[in-house]
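Let the sequences and hints guide you as you build the complete structure.
Residue numbers (our numbering), protein chains in the order written: chain A, 1 to 271; chain B, 1 to 165.
Bear in mind the hints are in silico, worked out from the structure with no lab data behind them.
Some clues are possibly wrong.
[To be verified] Take a look, some chain B residues computed to stay more than 12 Å from chain A by CB distance:
| # | residue |
| --- | --- |
| 1 | R47 |
| 2 | R72 |
| 3 | E76 |
[Claimed, not checked] Now the stretches of chain A that chain B is said to cover, found in silico as 3 or more residues with beta-carbon under 8 Å:
| # | region |
| --- | --- |
| 4 | 45-57 |
| 5 | 152-161 |
[Unchecked claim] Label pairs and their in silico Cβ distance ranges:
| # | chain 1 | residue 1 | chain 2 | residue 2 | range |
| --- | --- | --- | --- | --- | --- |
| 6 | A | A169 | B | E76 | 44 to 52 Å |
| 7 | B | A46 | A | G246 | 46 to 54 Å |
| 8 | A | I193 | B | T34 | 37 to 45 Å |
| 9 | A | A60 | B | G149 | 32 to 40 Å |
| 10 | B | S135 | A | R191 | 22 to 30 Å |
| 11 | B | A46 | A | A60 | 14 to 22 Å |
| 12 | A | V163 | B | E76 | 41 to 49 Å |
| 13 | B | A39 | A | R24 | 35 to 43 Å |
| 14 | B | S96 | A | L158 | 51 to 59 Å |
| 15 | B | A39 | A | P199 | 33 to 41 Å |
| 16 | A | G202 | B | S138 | 18 to 26 Å |
| 17 | A | R191 | B | A46 | 37 to 45 Å |
| 18 | A | A169 | B | T34 | 28 to 36 Å |
Predicted model only: the values in this text are computed from it and were never measured.
Positions of the beta carbon are idealized from the N, C-alpha and C atoms, including for glycine.
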Amino acid sequence: MNGASRVSEAELHAFVDGQLSDERALAVAVWLAEHPRDGMKVDGWRAQNDAIQRAFPTPARERMTLAFRAPESDAPLTMPATPAIEDYRARRRRRHTLSLAAAFAIGALVAGAMALGVRRVAVHSASTEPVFAEVATAADEFARRAVEAWQTYAQDPLHPVEVDASDPAGLAKWLRERTGLLRLPAIPEARLIGGRVLPAHGENAAFLLYRLASGEFVALLAEPGARNPGAFAGAGVSARAWSADGFDYALAGALPERRLESIAAGLGRPL
Amino acid sequence: MSEERKSSPHSEALHEAAPELRRFARALVGPVATRTADALVQTATARIATSDRLPGDPLERAFGEVVRLNRRRVRERGRAPEAQEGGADPDRRDASIAAQMSTMPLDERETLLVIALSGFGYEAAGRILDLPMSSVVSRLMRARVRLEGAQTGVAPRSGHLRVVK
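Below, the structure written as structure tokens:
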């Protein structure tokens, strides 16, 4: 049976690094369920990879990002998105998803092997649905908070912001000192009203409120993190989240989804 | 001058990837030589950004350039002295990994970092390190065995010592 086909040492490494085809990865997962010694090796290498990731943190970006400009500047708002960097990101995402999928597959196999026998379960565990659900939640939760912040502040008729944008440089400095946000992102055809500082899991988040030429308010929530794209919609208010340069961003507003999507894309949210 | 460069797709890609590139270079040269590492990155990206017409992924070429520059640096200086100075890090376990990595032979360290730290696949790693895939895999395997040995206190050169019970 294919589950018991021999697995080489090199294949075990390739499994850890997400280098196997889906079928081969599944075969290795089956093998590992039957060979706990190899399973321990694989776990050990994964722990090594994690320790290496932790031991060498990504240095902070020192120059300003091309994605955002100061509100008073005329420079076009562009996000550098070249095929090369997109490929690179896609590779990393794929690798990450695969290793999550593999981890899930192993878990399901070990549990399943006891109850049902390895062969039957292998088919069922091929589903990756729970993996994607899990990946989506953290970013969606962030998008949900942006919706809530919009509901609380954007509709306040008297004090929607703590500090208004009459002095953009002062506002930028105030937020930078509290949240680390280097630049106030600019939205074409929108006026920056001002900002707030909000609590965010022990850190500070920047809340920026804009008024579109058409009159609606949109809010941008920015806090340090890397949760990547997510979305949330409820009670007529929607949010789109993305990550760039060590910050999570979520754009929220009571706008048609397409409109919100295009403003978020203009700010650098990957399509 | 520099305006022109800004607009080239290569330099945009490299700008985006700069933190990852610096992370890799810092890990490669050792814990206390961050300035050396940043200088390697600067030289590498400057070279890649001005050679738009060469084929290949500019990112891989930038990583490859860092690897080559570092190999030359190590060759010229003999064994890099910075590696020995790894200071006290608040996180013991991770610090010890960093220390173990810095005493690992260069060919194993660069292979492990390209794959485990920077997330490249084996084929891309082969292009970056200028090695056939089989060498990439065997160096990776040696690096992991060495780390395992260091963590469990088994000397890396003692072959296939295994705990049986």
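Unmet hints by their number, sorted upward, for this structure: Hint check: 5, 7, 10, 12, 16 fail, others pass.
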